[in-house]
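Peer 1: Between the sequences and the hints, there should be enough to build the whole structure, so can you do that?
So you can see what is in the structure, the chains are spelled out below.
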Amino acid sequence: MSTKNWPLWEIFVRSKNGLEHRHCGSLHAADSDMALENARDVYTRRNEGVSIWVVESKHITASNPENNGELFEPAQDKVYRHPTFYDLPDEVKHM
Amino acid sequence: MSEEQIRSLERQFDERISRDEKIEPKDWMPEKYRKTHIRQMSQHAHSEIVGMLPEGNWITRAPSLRRKVALLAKVQDEAGHGLYLYSATETLGISRDEMYEQLHTGKAKYSSIFNYPTITWADMGAIGWLVDGAAIINQVPLCNTSYGPYARAMIRVCKEESFHQRQGFEIMMKLANGTPEQKDMAQDALNRWWWPSLMMLGPTDDVSVHTEQSMKWKLKRKSNDDLRQQFIDQTVPQAELIGLTIPDPDLKWNEERGSYDFGEIDWDEFWQVVKGHGPMNKERMKARVGAWERGEWVRDAAMAHAEKKRYRSEKKAV
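Chain order of the listed sequences is A and B.
Be aware that the first sequence starts at 1, since it is given in the working numbering, and climbs by one per residue.
Be aware that the second sequence starts at 1001, since it is given in the working numbering, and climbs by one per residue.
Quick caveat, the hints were computed from the structure, so don't treat them as lab data.
Please note that the accuracy of each hint is not assured.
Said to hold, decoys possible - Cross-link-like lysine to aspartate or glutamate pairs, in silico, DMTMM-like; alpha carbons within 20 Å at most: (1) B/LYS1183 to B/ASP1248; (2) A/LYS58 to B/ASP1097; (3) A/LYS4 to B/GLU1296; (4) B/LYS1309 to A/ASP31; (5) B/LYS1026 to A/GLU66; (6) B/LYS1222 to B/ASP1014; (7) A/LYS4 to B/GLU1293; (8) B/LYS1308 to A/ASP33.
Peer 2: Have a look at this one:
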């Protein structure tokens, strides 16, 4: 039995230039070169990508959904951050 | 956490699902939800991986280059589908190694259909047409399932699966329109794969143990019997079109129901195969475990090489 398992990598693919890389899944690989090669075979068999990022999963810090209240609720009552909050006369066009 | 708190969390959880909200890996979830998903998703992944074996059997003997590249691509897709599903399952807190261990020791099941042998080239046609056809019917509703990583994996799988069914049907069609021997071969494959394909859609509703809970969690959107009827209704006209006969003397169009009536399924056979007594159960596990064990030195060597490279680049940096 192997003592060392291949680490887990998160895979991000840019589907075409002009668009951002998007997370599409994960895979196991011994190192970043192998993660890139495997990502090509697993996630881009049908021209789904023009660029791949791989990040070892352990390096990702994620927010905890239990803290969603304190993290995201403060934005909910700040309606003045949206253009519709401001009253303008109908005569003003294109603003 | 008190029992009352847990009940209240479970209530909120069920409400989220009934509002069509997705559950993501770090969200709170009932233990039963986690366990049920690990079971279903890992078995789904195992089925993709073991499913490569019956078709891999014919890659080197495909009758033309066109057939060979298509079959190779299909088998490679199945490896990919297995990997999407394993990685989605890992988000629930089980490791890849634990899942392999469960498969290799027989603790986890895979789809029984792969315990039947592939004895002629026509079996490649029958598998693509019928087995992938039944799998698509099972899988399409899962694109909307409640667990986000599973739903996303299924969307990718379903997009890729339709080529599989078409390449199988094309093989059957060519054989059915070929020499009498080729047509017999196609009919023989249909005769052998028809009933196991119907069984693939699961036990009848009156004995299926998971249905109600799975419906609530959207792990299932339609009952096994409804899926089976859908499969039969769509497949029978396809068989007629290429001049093959469905091996069921009781098969009859029911005008009133707008569906086909069909004969009794041999559920004893199904349970025998599930319990490990199908024609190929032992062979499949032997091939799978053998590949895993023979690959061990490669996995270890890759890891050692990666460590050496890392060590050297760190030394250079000092």
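Peer 1: Would you pick out the hints that fail for this structure and give their numbers low to high?
Peer 2: Every hint satisfied by this model.
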